[in-house]
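Visitor: This is what each chain is made of:
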Amino acid sequence: MAERKSECGGFKVEGGKVKIGRQIVSRTLDEMTPYDVWGLQECMRCGVCRYACPFWLVTKEATDIPAWRTYEINKLFSMYYTGYGIVARVLRLRRLKKKEYLSWRESAYNCTACGACTDVSPLEIPNWYTALLMRRILHYTGMNIPDVEKWAENTKKIGNAMGIDKTQWENNAKSAGLSVDQKDAEILYVPSALEAQDINILSQIGIIAQGLRSKLTVSSEISDIGYYAYFAGDFEAARTQFTKIYEEAKKLNVKKILTSDGAGLFFLRWQGPKSLHYNPEIRVEHLTETVYNEMEKRNVKLDKADINDDITVHDSEFLSRLGGVEKPPREVLKAIIPKFKEPKQKPSSYSLFTCGHHLELINEKKEIVSKMRAYVVGQLGNLAKAVVTLDPNCKLSLENAVKENQGISKVYYYTEILAKAIKS
Amino acid sequence: MLPVIYAIGASYSSDALYWWGLNVVFPLGLLIFVFGAIYRISRYFLGRRFPSYAVSGFGSEFKEAITAIPTPFRSAAKRDPFLIVETIFWHIFMLGVIIIVGIHIIAWNYIFGTILGIPNPLWFLFKISTPEQFTSAYQMGLLGSNSYSHGGILNPLGAWNSAEVSTSTFDPWGFLAVLVNGTVMGLLALAGITGYLVTRIIEDVTGHKRLSSSGDYIFLILLLAIVVTGLAAMYDVPIPYLGIPNQANWYGLHIALVGAFIGYVPFSKGWHMFGYYIGKGFRGYAYGRKKE
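Protein chains in written order, with the working numbering: chain A, 18 to 441; chain B, 167 to 458.
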């Protein structure tokens, strides 16, 4: 590691020690609520969190215990924000070792931020969030993984982490039959970067909107939710994208923002506003919520889709565990899948393992992601060989499981089944 | 803190460890605890950048605090049964020792009664109190409840040993007190805390869970020392060659360590005894989980 200084100040290596200055720490922790501070400080490091983490179950490394990340971030926090920490820092009793810092990069990305470790923790410590804070420091200090830096760069430059530009996005949307920039539509549909490049999914969204009798539009300016930048630790780029979405919704004068991506719901409804310190004052819904609400009001008719497979569900961690939406996805799937094999656990249960999620897109994580994926596939494969997913990252992950013959044979995205089942 | 000292009926012989423990360390511990607690709570607010607003109410937070208790136990039961056994032993039996062992009830009753200015505030605990030792004549049913003696032969805290307690401790436990008593619960708690300490040392040395700070060890060693000195005080364990192995010194050391522990709580993981209930509902405030 060469001696270097970050633009925002205070990163240098002195012998075997790493110095991360106040400015970086201050910027990194700029969206901390009292609950986050509580979470950092209260971890008892009992280690129970590790049993819910498939990465730790694979590596058995101390640095892959979710609590380790919280420990590291708390160390930085306390060095600048607690009495004894400041004294310890000044007396040089508390410093970050170079070896320790080098393991951050591995550890921070041996985590999908699924939240199972938080759910299982006796004190519900937000270890998933400290992994993202670690990534933020890696981003600031130039130590981040190049693949994820590319997401952040793309988000900043063209508003799409996967590099889809405005023209390409408009073409995709139009090919799928979606209205673009239609003022006073009822719904602004915001795809995630993976969905924006998949014309099949976009077409299915169009069919579902027709079934719901909703006037839906997309914005030519918005082809990504922005969470990949957040996952890359570039919270600023993500915030710019979140703001753009809320402003675009105002500009188009829509009643609500709709996302079909589980992670998208979490970021647009919860983490985005939190990160921006801003209340967007517009309803954000996941597609399954919208369909479920209409189903309850008997405004929409759902038939069983013409599919013969036994199908189970891989619940979206971000939609249910972190996003709080549990009943709608399961109820909708029960209504439309003829042979639905529902897991016993509720969608937010810590005992449901995460898939590889966004880490599937990182080349240097392929090996470990393949191994950790075996845990979720093992659970799903016991119920059915076909799986429906509620988040495009989960779809990608389980498709990779199919390719690698890990125990399931087919993956459906829920929009495909819903588009077959919905009657206009 | 003077009322506390008076209430406990302390000796004022300042040459004794007992005197120092009771009159200096313990009150100082309480004082540090109060300031430490203010400091600890204020850190949540001083360290934060912006407030966050509730999406769930106190009711759901409280419900979550209760219903989520078994979650970590369920998760770790198969993979780390030893941790679960340690945790159950430590928490249940340590709480038993603190809450229902007669001599502790008397102590807390006088302390809280004097501080709060309420006579006999823990009257309800007397009804479920149990003795310290399973060998007492009381438990053998030979001498009746009035023979119940606290702390074995010599009880330096004589002022606590009120007739009121002696007569009201007999009812709930009966012969069950052979199992439910200070000694048995203390030994089981000791097993739990020793297990914690040994597990932590092994995991730190082998690198399986290298997460400990020096504070974690101070905390565990302090707890271990409190249990050991409590048991030693009760049985007046002699220490050869030191020349002063008397029960008053054990009590003095025990009380001093408890004082130090109370003072250390806000700066240590011991804070989770308060923080747990706050924390269990936090996710409902920060995210949408409980909104449905």
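Since the hints were derived computationally from the structure, they do not count as laboratory data. Wrong hints could be hidden among the right ones.
[What the hints assert, rightly or not] Derived list of chain A stretches under chain B, where covered just means 3 residues or more per stretch with a C-beta under 8 Å from a C-beta of chain B:
#1 89-101
#2 256-265
#3 406-418
[Said to hold, decoys possible] Chain A is nowhere near these chain B residues, computed Cβ spacing over 12 Å in every case:
#4 Phe-211
#5 Phe-224
#6 Met-260
#7 Asn-286
#8 Phe-427
#9 Ile-428
#10 Tyr-442
[What the hints assert, rightly or not] In silico lysine-lysine, DSSO-like type, Cα no more than 30 Å apart, as pairs:
#11 B:Lys-293 - A:Lys-358
#12 A:Lys-174 - A:Lys-116
#13 A:Lys-402 - B:Lys-229
#14 A:Lys-291 - B:Lys-244
#15 A:Lys-363 - B:Lys-293
#16 A:Lys-291 - B:Lys-229
#17 A:Lys-388 - A:Lys-232
#18 B:Lys-229 - A:Lys-388
#19 A:Lys-344 - B:Lys-293
#20 A:Lys-114 - A:Lys-174
#21 A:Lys-291 - A:Lys-36
#22 A:Lys-77 - B:Lys-229
#23 B:Lys-293 - A:Lys-361
#24 A:Lys-402 - A:Lys-314
#25 B:Lys-229 - A:Lys-363
#26 A:Lys-351 - B:Lys-229
#27 A:Lys-191 - A:Lys-36
#28 A:Lys-232 - A:Lys-200
Everything numeric in this text was worked out from a predicted model, so none of it was measured. All C-beta atoms, glycine included, are put in the ideal place defined by N, C-alpha and C.
Visitor: For every hint, state whether the structure bears it out.
Guide: Structure-based check of each hint:
Against chain B, the segment 89-101 of chain A contributes 5 residues with a C-beta closer than 8 Å to a partner C-beta. That satisfies the three-residue criterion, and the hint holds. With 0 residues bearing a CB less than 8 Å from a CB of chain B, the segment 256-265 of chain A misses the requirement of three and the coverage assertion fails. Residues of the segment 406-418 of chain A lying with their CB closer than 8 Å to a CB of chain B number 0, which falls below the three-residue condition for coverage. Look at B:Phe-211: its CB is around 6 Å from the nearest CB on chain A, not clear of 12 Å, so calling it non-interface is violated.
Annotated as non-interface, B:Phe-224 keeps its C-beta farther than 12 Å from every C-beta of chain A; the closest such distance is 15 Å. B:Met-260, annotated as away from the interface, keeps every beta carbon of chain A farther than 12 Å; the closest lies near 15 Å. At the 12 Å boundary, the C-beta of B:Asn-286 stays outside the reach of chain A, the nearest C-beta of that chain being 35 Å off. Every Cβ of chain A is farther than 12 Å from the Cβ of B:Phe-427; the closest lies at roughly 16 Å, confirming the non-interface assignment.
Its beta-carbon lying about 18 Å from the closest one in chain A, B:Ile-428 satisfies the requirement of being farther than 12 Å from that chain. Chain A draws B:Tyr-442 into its interface by the beta-carbon criterion, the shortest separation being 6 Å against a cut-off of 12 Å. Distance restraint check for B:Lys-293 and A:Lys-358: the Cα-Cα separation of roughly 53 Å exceeds the 30 Å cut-off, and the hinted pair is therefore not satisfied. Taking the CA atoms of A:Lys-174 and A:Lys-116, the gap is about 34 Å. The hint is violated against a cut of 30 Å.
Proposed proximity of A:Lys-402 and B:Lys-229 is contradicted: the alpha carbons are some 37 Å apart, above 30 Å. For the proposed pair A:Lys-291 and B:Lys-244, the alpha carbon gap of about 37 Å is over 30 Å, so the pair is violated. Only pairs whose Cα atoms come within 30 Å are accepted, and A:Lys-363 paired with B:Lys-293 is rejected, the gap being roughly 43 Å. Only pairs whose Cα atoms come within 30 Å are accepted, and A:Lys-291 paired with B:Lys-229 is accepted, the gap being roughly 25 Å.
Of the pairs offered as hints, the one joining A:Lys-388 and A:Lys-232 is violated, with about 43 Å between alpha carbons and a cut-off of 30 Å exceeded. As the CA atoms of B:Lys-229 and A:Lys-388 are separated by approximately 37 Å, the hinted pair breaks the 30 Å bound. At roughly 47 Å between alpha-carbon atoms, A:Lys-344 and B:Lys-293 are farther apart than 30 Å, so this suggested pair is violated. Simply put, A:Lys-114 and A:Lys-174 have alpha-carbon atoms about 35 Å apart, too far for the 30 Å limit, and the pair is violated.
Between A:Lys-291 and A:Lys-36 the alpha-carbon distance is near 29 Å, which keeps this suggested pair within the 30 Å criterion. Under the criterion of a C-alpha separation no larger than 30 Å, the hint pairing A:Lys-77 with B:Lys-229 is inconsistent with the structure, at around 34 Å. At roughly 44 Å between alpha-carbon atoms, B:Lys-293 and A:Lys-361 are farther apart than 30 Å, so this suggested pair is violated. As the CA atoms of A:Lys-402 and A:Lys-314 are separated by approximately 33 Å, the hinted pair breaks the 30 Å bound.
Proposed proximity of B:Lys-229 and A:Lys-363 is supported: the alpha carbons are some 18 Å apart, at most 30 Å. Simply put, A:Lys-351 and B:Lys-229 have alpha-carbon atoms about 29 Å apart, close enough for the 30 Å limit, and the pair holds. Restraint check: the Cα-Cα separation between A:Lys-191 and A:Lys-36 comes to about 51 Å, which exceeds 30 Å; the hinted pair is violated. Of the pairs offered as hints, the one joining A:Lys-232 and A:Lys-200 holds, with about 10 Å between alpha carbons and a cut-off of 30 Å not exceeded.
In summary, the structure is inconsistent with hints 2, 3, 4, 10, 11, 12, 13, 14, 15, 17, 18, 19, 20, 22, 23, 24, 27 from the numbered list given earlier, while agreeing with the others.
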